[in-house]
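Chains A and B, in that order, give the protein sequences. In terms of the UniProt record's numbering, the first sequence is residues 1 to 464. In terms of the UniProt record's numbering, the second sequence is residues 1 to 464.
Treat the hints with care, as some may be off.
Claimed, not checked - With a straight-line cut-off of 35 angstroms between C-alpha atoms, the simulated DSBU-like cross-links for lysine-lysine are:
no.	chain 1	residue 1	chain 2	residue 2
1	A	Lys116	B	Lys394
2	B	Lys149	B	Lys97
3	B	Lys116	A	Lys254
4	B	Lys116	B	Lys14
5	B	Lys392	A	Lys116
6	A	Lys318	A	Lys393
7	A	Lys116	B	Lys393
I should point out that these hints are in silico values taken from the structure, not numbers from a laboratory.
2 protein chains.
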Amino acid sequence: MAWKQMCRCDQLQKLCDLIFSEDLDQEEVNNLTTCLCHLLADDLTPGTSLLPQDISAESIQESLGRPLYVLFDNLITLPEDDHRRQPLLLLLVEMHKITLHVGYHFLYFLKASNIKTEKVQENNECSFLTYRDLCKAAGQKDFAGFIIKDLRLCSEDDPRVLSWIIPDIYNSFPKQTRGNAELLQLVLERLDSSQLHDLVCMVLQGSLQMFDNSSFATILEKSLQWETVEQLFLWQLAKAHEIPVDCCLSVMPKLKFTSHSATVTNTHGEALSNILMMLRRESPSEILLRTLLLREFRVEDPTVATILQYWVQRYEDKMAKLINDVVNNKPQPSPNKRKRNQSTKANAVPLDQVLSHLNHLRTACGQTTFFALETMQDTLQTAQNQCSETQKKKYGDLFALIEEEDEEEPAPEPQRKPKSNRGRKPKGRKKQESESEEESSEEEDVKKPSRKRKKNNQVGSDSD
Amino acid sequence: MAWKQMCRCDQLQKLCDLIFSEDLDQEEVNNLTTCLCHLLADDLTPGTSLLPQDISAESIQESLGRPLYVLFDNLITLPEDDHRRQPLLLLLVEMHKITLHVGYHFLYFLKASNIKTEKVQENNECSFLTYRDLCKAAGQKDFAGFIIKDLRLCSEDDPRVLSWIIPDIYNSFPKQTRGNAELLQLVLERLDSSQLHDLVCMVLQGSLQMFDNSSFATILEKSLQWETVEQLFLWQLAKAHEIPVDCCLSVMPKLKFTSHSATVTNTHGEALSNILMMLRRESPSEILLRTLLLREFRVEDPTVATILQYWVQRYEDKMAKLINDVVNNKPQPSPNKRKRNQSTKANAVPLDQVLSHLNHLRTACGQTTFFALETMQDTLQTAQNQCSETQKKKYGDLFALIEEEDEEEPAPEPQRKPKSNRGRKPKGRKKQESESEEESSEEEDVKKPSRKRKKNNQVGSDSD
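Construct the entire structure; sequences and hints are all you get.
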């Protein structure tokens with residue numbers, strides 16, 4: 001068998017020599033292509049992985065013994081300006097048209113032939129750029145599309161090879177690959193958690209970059225249609241790339257959620273959980289707060305109330321101050337006055353929306369002590385004054401947290417508004433303060449239920 | 001149909017009254033149980049979710065109209081010391097034995113009946129503790145097992161209900177549930193990403209705790225056998241619970257990895273990626289470094305080299321100092337001398353292991369400038385002096401980074417060891433410095449390839 005393989009390789013080398021010595025016309029090339037694709041059909045039919053089971057420099061060298069690879073080897077050995085290069089390229093282009101598998105075989109060959117055993121120490125620095133020549137010779141303008149077509153077939157036939165060559169593809173063709181959502185999905189569709197760990201390690205080492213801050217929002221938005229595992233893998237990669245939360249904010253308004261929803265459509269739990277986890281590490285700022293409050297209020301969506309509660313528990317005074325600023329629509333301090341006015345106008349949060357989220361914080365998280373802070377009392381008072389009668393009624397329970405101005409107080413205190421009143425409770429609502437009350441009101445909020453792993457959650461269905 | 005349902009409810013109420021008025025012996029209970037299970041079979045056969053499609057206080061109230069729930073309602077309405085409670089409990093115990101579905105129906109009822117519409121404002125604070133009475137009356141000592149059995153069936157029949165009641169289960173029975181790996185897996189097996197987001201929100205709000213720092217290592221170890229999605233979900237929850245990296249370190253030696261491995265077994269990419277991501281946020285310390293270096297060296301595992309490289313890029317001088325301490329086996333500073341000596345002895349890293357990881361850092365990450373730091377030059381010199389001849393040969397390329405003592409220098413410098421020589425390159429190895437060399441050596445390391453999402457990565461298999 002090995003002998004037969006060697007014979008076939010010899011014949012291919014003879015063919016190459018023939019191509020080099022003759023001027024083939026298009027018809028001859030076409031006939032030769034048809035014959036070759038037929039003769040090499042076995043070689044090009046996906047079977048076991050191209051990549052050896054146990055990978056070593058030696059086993060990789062052995063894997064390069066395929067007859068087809070004689071053509072590749074001749075191609076990369078020729079200098080770029082050698083006139084014999086073009087007919088060989090044209091032959092490969094025609095073969096690639098008939099049998100797309102030639103594409104990822106070539107990519108595999110390019111990487112594998114770079115890995116030298118101690119015995120073989122040739123000097124040819126064959127690089128992935130020859131792959132680009134194949135695309136050019138095929139007259140294709142869309143190189144990114146060319147890459148994706150080959151890699152898609154590779155991902156279907158041989159995901160091990162995909163995972164092995166993908167870092168080289170990203171590093172050799174950054175312009176076509178970085179931030180390309182289609183390529184990324186193709187990769188994440190097929191990779192398993194171990195292959196992902198390899199990519200994560202390379203990203204952390206600084207030797208691989210699959211996207212950057214500016215391209216992440218677009219990728220994130222497209223990822224909302226992906227399977228859960230693919231989305232979770234994307235978030236792993238986002239963390240490895242150290243994408244900051246700012247790069248996710250533009251997608252926030254598009255993220256929908258319904259607790260315990262019975263239908264699978266339009267629920268973006270993966271993205272929301274991960275953004276929450278990022279926000280958690282941030283200290284609250286006006287821009288973050290406005291972005292959150294601008295999210296449409298839905299009682300079935302605990303996201304905004306959750307991060308408000310998280311921040312209130314840790315940055316109580318700062319949160320009170322920021323919410324007060326938002327209600328009073330105070331501009332955020334900025335050195336550029338024109339820019340400031342623009343951004344304030346763009347980010348102004350309708351009062352009704354602020355109140356709905358605050359009310360949700362009250363009901364969903366049983367938060368009452370926060371509203372007793374002096375700044376929050378001011379905020380509620382200001383908001384109440386701006387409200388219509390309908391709104392006053394709608395947020396009656398929230399406004400009931402406004403402390404009555406000493407009406408029931410037996411003896412007036414000398415200082416009605418002490419500088420610090422952290423943790424002060426509103427007087428008329430003592431009942432709310434007990435822990436069990438907080439818990440039960442919290443439970444009531446989470447009463448709106450969902451289901452979807454896009455997999456195994458139908459009633460009565462079996463696990464996958 | 002609704003009328004028929006009401007009639008059946010009336011009949012069940014009459015039955016309850018009968019049970020209350022008579023002293024049933026065991027045989028009578030058994031016969032009654034058989035009859036009831038038969039009559040209520042339709043009710044107990046899983047069909048559509050118990051939880052209404054659109055969840056509101058009203059729809060939840062409506063969902064409580066099942067005849068079976070008349071029994072539950074009578075049970076929770078009776079005071080704890082009422083003598084009529086026991087026979088009803090025994091009846092339910094027997095029914096539960098015949099038809100396990102009774103268990104999660106009861107749990108659903110307990111939560112649902114706590115949710116009141118405006119119209120229904122009863123005062124009965126029915127709690128999940130009645131569920132515990134059911135376990136006691138059944139004479140079962142293993143309450144955790146009792147819970148898990150019911151919830152497992154619920155997860156199979158009706159995952160929406162599982163996700164809806166699980167926070168109450170954790171909060172009502174913390175002793176039996178918190179840190180229980182079996183229960184957690186049961187939950188994560190069935191939940192989808194939206195249901196997980198609900199749990200994440202509650203954890204972040206501080207109203208749910210599923211495990212704590214001390215129980216996490218055990219859970220993590222068990223999770224290594226779980227599916228990829230379940231493991232990723234666990235890590236989401238770990239982040240929400242703010243589990244520190246220290247709680248994962250004990251598992252580190254058990255985590256195996258092989259890049260681009262052809263076999264699925266014993267590769268723990270999920271855990272390793274997530275721990276890497278946690279370590280990344282830490283600044284290097286002696287304990288962390290020792291834990292990493294104590295990991296068995298395998299050239300096919302980029303994990304240790306990756307975090308070393310990440311830290312070297314950010315904390316160069318500190319890393320040099322720490323590695324020097326490890327090689328010299330200097331104890332870590334600790335106020336308690338006895339304790340210090342103990343821990344040093346336990347954590348002493350064999351020199352060969354330190355060198356193998358350092359050599360991996362050199363080859364896998366193309367790291368050379370770090371080794372040129374004065375402290376690292378000292379470290380390498382110290383290590384070389386301690387090495388056997390075999391080791392000197394084995395790590396020849398690493399020791400070649402030791403700068404020759406001015407042998408080739410044309411004119412001796414006044415100060416042979418400047419105070420600061422950050423970024424100084426070793427003299428004899430200039431070739432290594434070029435970026436392309438670094439990249440190619442990096443590529444060479446990643447040449448050991450894997451496959452496994454426990455799903456769809458077989459060659460030629462179709463996507464799911």
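Hints not upheld, ascending by number: Hint check: nothing fails, all pass.
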